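Line order of the protein sequences matches chains A and B. The first sequence begins at 1 in this note's numbering and counts up one residue at a time. The second sequence begins at 1 in this note's numbering and counts up one residue at a time.
Please note that a few of the clues may not be correct.
[Claimed, not checked] Partner residues aside, some chain B positions facing chain A, computed with beta carbon under 8 angstroms:
1. R41
2. H54
3. R103
4. T157
5. F197
No wet-lab data here; the hints were simulated from the structure. Computed from a prediction, not measured in an experiment: that's the story for all the values here. For each residue, glycine too, the CB sits at the ideal point set by N, CA and C.
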Amino acid sequence: MNLASMRAAVAPLFTSWLKSDSNQISLASFLLFGFFAALVIYYYRVATQSSRPLPKLRRIAGLDAIDESIGRATEMGRPVVFNPGMSSFSAPTYGALAVLSYVAKQTARYDVRLIGCFRYPEVLAVAQSTIQACYVEEGKPDAFRTDDMRYLSGDQFGFASGCVGIVQRERAAAHHMFGSLAAEALLLAEAGAAAGAIQIAGQTNNLQTPFLVAACDYCLMVEELYVASAYLTQDRLRTGMLAAQDIIKVILIALILSGTLFVTFGSTLIGDLLILY
Amino acid sequence: MAGVQVPIGIVNALNPLSPWIGVLVTLGVWSFLYKENPVFRICEHAYVGSAAAHTMVTTFANNIKPGLVVDIAQNGEYWRIIPILLGCMIYFQPFRGYTWVSRYPMSFWVGYNAGYNLTLRVAMPLLTEVRRTMLPIFVTNNGRFDLATSINNFIFTGVVTLTLAYFLFSMNVFKGRAGFMIRTARLVLMAAFGAGFGTGIANYVSLLIGRFDFIMSDVLKLF
């Protein structure tokens, strides 16, 4: 059976459904997505059974430095400023909130003041609840200060200038920037450096990562942000999800290498299979 | 700012002043390069305050007012009352004892975003990108070996696979002899970031030139 006949055989089954509202979804993507979902579910089941071993995560210096920065803030008696990024609810913001919950637990434990800067009121509300829960968990609900959770501005540079001012005036000992950052990334990092804060950044915008690598003490690159919650908490479920994602990446690497080999020898079979209906 | 009417008299009165306000605020913000000072603080708070006011006015004029007046009152789209109610529930956040009310719209919002992002549409661009990475390593052009394109394709495929391998977190593939992979991947990433840094700085310099141009040419008329 050649490719054309395969396409002809499956086309009637899938074109009407998969391409009903757009022609962006292929059969291969549907099957691959299903396989990835099955893999994640499998590792979820593995993670729920404590007797079954899970792989260890490799060391990420930027995440190890979070404890160091909070320790420094404790010694200096100065606050930690946390910035969860410029976007509303999105994958980087969820990653940032996961880091924030860890930072909040640590600041509550060591009685360090935590200041949050927010651009979106909805993120502020969720972050506030998250931090409050962390303080309660650490047995210090009264140490949580609502006034330190600050909505600044919906405007990009209004928000940035507010952050810059807070980092400077409060003389932050640690400045954490996680989530989605854009053109203001360098402004924020420079302000933190000028205040003498230890700076840790983690974000997914490739255009801004170079500035953060240059201006911050530690920088999490792209996907390292999403690993943060699993890495910091060493939670089995989250580690299991990561193991599943790593297998997916290995499959993609294998696809790329084999596809390259096929194309080099004149066959586009693997590439064609990926866009098969 | 569609839908917002500013009295024309105020606009006319402020027009001659606005370039000078622009210059003063620019210089005030630049004073931060020396250190944090009261002038910067005034500019910062004025900016944050005016940006918040602008957001509030535009949101009311462009979303809330047309939603209430046009969509609900005129067009009878009463289902829009549901999101309005959900929005109003968020305001219970500061009231101790009623904070739970605000959690319902927030959880709806978070759930909606998670669901919206987790669709089959995520998989398709991924496969398209994978397909585009499959480039021949030995390229011939008019029957002759094309060295430049071949090297280019080899570097491209190698960099993509190495970078993907760098972001494997749970597999100890980088120990021992394979450790060169992570070092190479890191070097490659840093080289890419270096190029990005140079491009970004060029953009920032062009913004700076624009600002100088505004002060020197538009306001001071020196050039």
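Let me make sure I understand: some of the numbered hints might not hold for this structure. Which ones are they, in numerical order? none
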